[in-house]
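**Student:** Listed below, chain by chain, are the residues.
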Amino acid sequence: MNDLERDLGALFREKAGSIDTAPLAPTKVLRRARLRQRGIVVAGTVGTVVASMLLGVAIGQLRGPSVSHLATAITPTTATPTTAATPSPSEPSSFPSAAVEVSSFREQGRAITLFAWVNEGGFCVGVQPSGNAFCDHPTPAPNDEPMVGAFRIDPANSAVVVFGITGPDVRTVKVAWPDGSRNQASTTAGPSPFDRFRFFLWSTDAPAPVAEATFEFFDASGRQLFA
Amino acid sequence: MSGRTGVWGESMAEPEPTAMAELYSRYVPSGIRLAYLLTGDLQQAEDLAHEAFVRCLGRFGHLRAREAFDSYLRRTIVNLHTSGIRHRYVERRWLLREGHRIAVVTASMPDVGAREDLWRALATLPARQRAALVLRYYEDLSERDTAAALRCSVAAVKSLVARGSDALRAVLVEGSDR
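Quick mapping for you: the protein sequence lines, in order, are chains A and B.
So the first sequence is numbered by this note's numbering: it starts at 1 and just counts up by one.
So the second sequence is numbered by this note's numbering: it starts at 1001 and just counts up by one.
Incorrect hints may appear among the rest.
Far from chain A, by Cβ distances over 10 angstroms, these chain B residues were calculated [unchecked claim]:
| hint | residue |
| --- | --- |
| 1 | Gln1044 |
| 2 | Ser1071 |
| 3 | Asn1079 |
| 4 | Ala1127 |
| 5 | Ala1148 |
| 6 | Arg1151 |
| 7 | Val1154 |
Rough simulated footprint, nothing fancy, chain B against chain A, three-plus residues with beta-carbon under 8 angstroms [claimed, not checked]:
| hint | stretch |
| --- | --- |
| 8 | 3 to 15 |
| 9 | 22 to 35 |
The set of hints was computed from the structure by calculation and includes no laboratory data.
C-beta: ideal position from N, C-alpha, C; glycine also.
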């Protein structure tokens, strides 16, 4: 340590020792500290809630692309379920006769197509499962008619998740399975981030290795839509 | 700043009001002295230490090592000081442009002690050089701890100390030549 450093050390100690500092905390400082603590807690809570909501919405939208097993096609109930690898928009059909064919899955981990649009337009065919887009063109169908898809989350239990996007008028969706053993209660189509969409997500509570599901859509007054 | 033993329990998430007061008594007075050496102004030093204390307590629940509260407080004081210097530089330019009267009042420095020349010379140093000297020769921190407090590399600390010392010598020599 040279002279300057020694002088500096001595100077600092002298100066620091020359001032009087009150050992008692001023009330104002403690109040500010408490307010800041509360502010941070409140801000953190609000931030967590908002982040959770945004995450929930994002998961809802991205759910389709993240699955590993997909239904291969949506077909009218009157038609034979198809197992086409890349389904093309089917011929015009009308809900509620749309059905989801869930019996034919591609090999493990290789999702091919999220869902196929049954009605005219076919604007949501061929969505890339690895992409982030839930739909290539997330706009309502021309007639605000629903589109539906299905997938299995867990191949081990074969439970099927059905999801769909409907127009703004749909409030209730009824899903029925042909064998009757897995009929479920109606599900309510919830609001989506988009004004003209409603979104629903529904799943079987038991293995559902078969085939088809039939949908019925109702508005708020209970009137059946797309019948 | 000394006193590594905590005044809070291990499981304590946030300090209670009484513990806050105890934390203040234990750490803030030495924080004020550190701030005084950094700023050269007692009132400013108290404001600086109080603000640092409030900020550290606000983050108290997130501190990884609560027993090192004094380190957090010291680092916050230094950072507030160096960032405040930048703010005051802008402020000073405005004051110089708008009028000298207020600037003269805010620039006042206490003149005490036999080493007045050195003290005055210190006031001419850039904030980070002065902070490096204070941390090294008053707090007796190692170069590594000083670097942590200043959020820079050890090499940068060496450079700050060397340049600060050179600048002080130059000012002192210049003063003795007059």
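**Student:** Take the hints in turn and mark each one as holding or not.
**Tutor:** Taking the hints in turn, this is what the structure says about them:
1. Gln1044: Fine: 12 angstroms to the nearest Cβ keeps B:Gln1044 off the interface.
2. Ser1071: 18 angstroms, holds
3. Asn1079: The claim holds: B:Asn1079 sits with its nearest Cβ about 17 angstroms from chain A, beyond 10 angstroms.
4. Ala1127: Holds: least Cβ distance 16 angstroms, greater than 10 angstroms.
5. Ala1148: Holds: least Cβ distance 20 angstroms, greater than 10 angstroms.
6. Arg1151: Non-interface label on B:Arg1151 holds, nearest chain A Cβ at 22 angstroms vs cutoff 10 angstroms.
7. Val1154: Given a closest Cβ separation of 18 angstroms, the condition holds.
8. 3 to 15: holds (count 11)
9. 22 to 35: n = 10 at 8 angstroms, threshold three: holds.
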